[in-house]
Amino acid sequence: MSNHQAAGGTNGDRTGRYVRHPNGHVTPMSPFTSVWRWHITMVASILFRVTIGAATVGAALMLGWIATASSGADAYAKLLACSASPLGLFVWFGLTVVLFSFLLNGARHLINDMGKGLDLKTANLMARIAVWGPLVLAVLFWVALFATGKVSL
Amino acid sequence: MSAAPKFKNNVKISERHGAGEWKIEKLALAALMPLSIWVASTGLTLAGADFATVAAWFGNPLNAALSAITAVVFFLFASLAWKVIIEDYVPAPSSRKTLITVSNIAFVLLAAGSVFFIVRAASLPIAGA
Chain A
1 MSNHQAAGGT
11 NGDRTGRYVR
21 HPNGHVTPMS
31 PFTSVWRWHI
41 TMVASILFRV
51 TIGAATVGAA
61 LMLGWIATAS
71 SGADAYAKLL
81 ACSASPLGLF
91 VWFGLTVVLF
101 SFLLNGARHL
111 INDMGKGLDL
121 KTANLMARIA
131 VWGPLVLAVL
141 FWVALFATGK
151 VSL
Chain B
1 MSAAPKFKNN
11 VKISERHGAG
21 EWKIEKLALA
31 ALMPLSIWVA
41 STGLTLAGAD
51 FATVAAWFGN
61 PLNAALSAIT
71 AVVFFLFASL
81 AWKVIIEDYV
91 PAPSSRKTLI
101 TVSNIAFVLL
111 AAGSVFFIVR
121 AASLPIAGA
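These protein sequence lines are chains A and B, in that order. For what it's worth, full-length UniProt numbering labels the leading residue of the first sequence as 1, then goes sequentially. For what it's worth, full-length UniProt numbering labels the leading residue of the second sequence as 1, then goes sequentially.
Calculated from the structure, these hints are not laboratory results. You may find that some hints are simply not true.
Below, in silico cross-link-like pairs of lysine-lysine (DSS-like), each with a Cα-Cα straight-line distance of 27 angstroms or less [said to hold, decoys possible]:
#1 A:116 - B:83
#2 B:8 - B:97
#3 A:150 - A:78
#4 B:8 - A:116
#5 B:12 - A:116
#6 A:116 - B:6
#7 B:83 - B:23
#8 A:116 - B:23
#9 B:26 - B:12
#10 B:26 - A:116
#11 B:83 - B:12
#12 B:26 - A:121
Construct the entire structure; sequences and hints are all you get.
Have a look at this one:
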């Protein structure tokens, strides 16, 4: 941090866009962190990777669920009790968020991969849907589950 | 590298592998879109369900088949996606190669395990049947 303060590339540099490296070289600062403004499309892009990681964990959990269910009524009853606990419900809620994130962000990615929706307005809109839509859909999903009495606290 | 690079619509055509892997990843993702809507609707059906309901659900061949397809396509997609992620973040070729091999083995095991347990769930004795 203190290095950064002292790092104006040349004495006359008032842009703050240069850094002096430990070896004495002066280079333009990487545009990665401090110069580029955060944009919703960047958030959506990063969240898709996070989603893929979370979906991988989620798929492993679903495999565990199927394996338990296939082991018979007793094992399944224990799993059902765990699922109904606060921690269990929290995990299942997380899994629905991940599922909807995979759906919406995957759709955004596919549309962009076809070369469509790349103008600023559409890209922003799709990124916003991909970032916030999963939360909205997951809450609606759980409202439906509670309203139909399939799940209760 | 011997031949001069070829272009199509001013875009350079890959000299070696082509875009096969990328296309498979996209096709798998496209297939997963309707499948994940189906998974969500299944969640609405099976949330809080008792054992008999779950066993009967897996006993329906359509449900079992769609589950197995979803699992296999997802793990295919995940293996390609993780390959890309590893290639992005692991610079050393040897550890990159090792990690990709390990993740591929893990995804093959997960896919095989999914099919095994789905078949096992589909052949559960249904109470009263």
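message: Checking one constraint from the list: CA of residue 26 (chain B) to CA of residue 121 (chain A), max 27 angstroms. Satisfied?
response: Judged against 27 angstroms, a Cα distance of about 24 angstroms means the pair holds.
query: Does residue 23 (chain B) lie within 27 angstroms of residue 116 (chain A) when you go C-alpha to C-alpha?
result: Status holds; Cα separation ~17 angstroms.
message: Does residue 116 (chain A) sit within 27 angstroms of residue 26 (chain B), going by the straight-line distance between their CA atoms?
response: Distance ~15 angstroms between residue 26 (chain B) and residue 116 (chain A) Cα, so the pair holds.
- request: Below or equal to 27 angstroms on CA atoms is what counts here, so check residue 12 (chain B) against residue 116 (chain A).
  value: Answer holds: residue 12 (chain B) to residue 116 (chain A) is near 21 angstroms, not above 27 angstroms.
- prompt: Straight-line Cα separation of residue 83 (chain B) and residue 23 (chain B) no greater than 27 angstroms?
  reply: Holds, at roughly 14 angstroms.
task: Compare the distance between the alpha carbons of residue 150 (chain A) and residue 78 (chain A) with 27 angstroms, and conclude whether the hinted pair is satisfied.
output: Between residue 150 (chain A) and residue 78 (chain A) the Cα gap is close to 17 angstroms, so the pair holds against 27 angstroms.
27 angstroms Cα cutoff - pair residue 116 (chain A), residue 83 (chain B): holds (25 angstroms)
message: Would the hint linking residue 8 (chain B) and residue 97 (chain B) be met if the CA-CA limit is 27 angstroms?
response: Violated, because 31 angstroms separates the two Cα atoms, which is more than 27 angstroms.
message: Please verify whether residue 8 (chain B) and residue 116 (chain A) have alpha carbons no more than 27 angstroms apart.
response: Status holds; Cα separation ~20 angstroms.
- request: Mind checking the alpha carbons of residue 116 (chain A) and residue 6 (chain B) for me, to see if they're no more than 27 angstroms apart?
  value: Status holds; Cα separation ~25 angstroms.
query: Under the criterion that the straight-line Cα-Cα distance not exceed 27 angstroms, is the pair residue 26 (chain B), residue 12 (chain B) satisfied?
result: holds (20 angstroms)
message: Hint check: residue 83 (chain B) vs residue 12 (chain B), CA-CA at most 27 angstroms. Holds or violated?
response: Distance ~23 angstroms between residue 83 (chain B) and residue 12 (chain B) Cα, so the pair holds.
Comparing the model with each earlier hint shows a violation of hint 2 alone; every other hint is respected.
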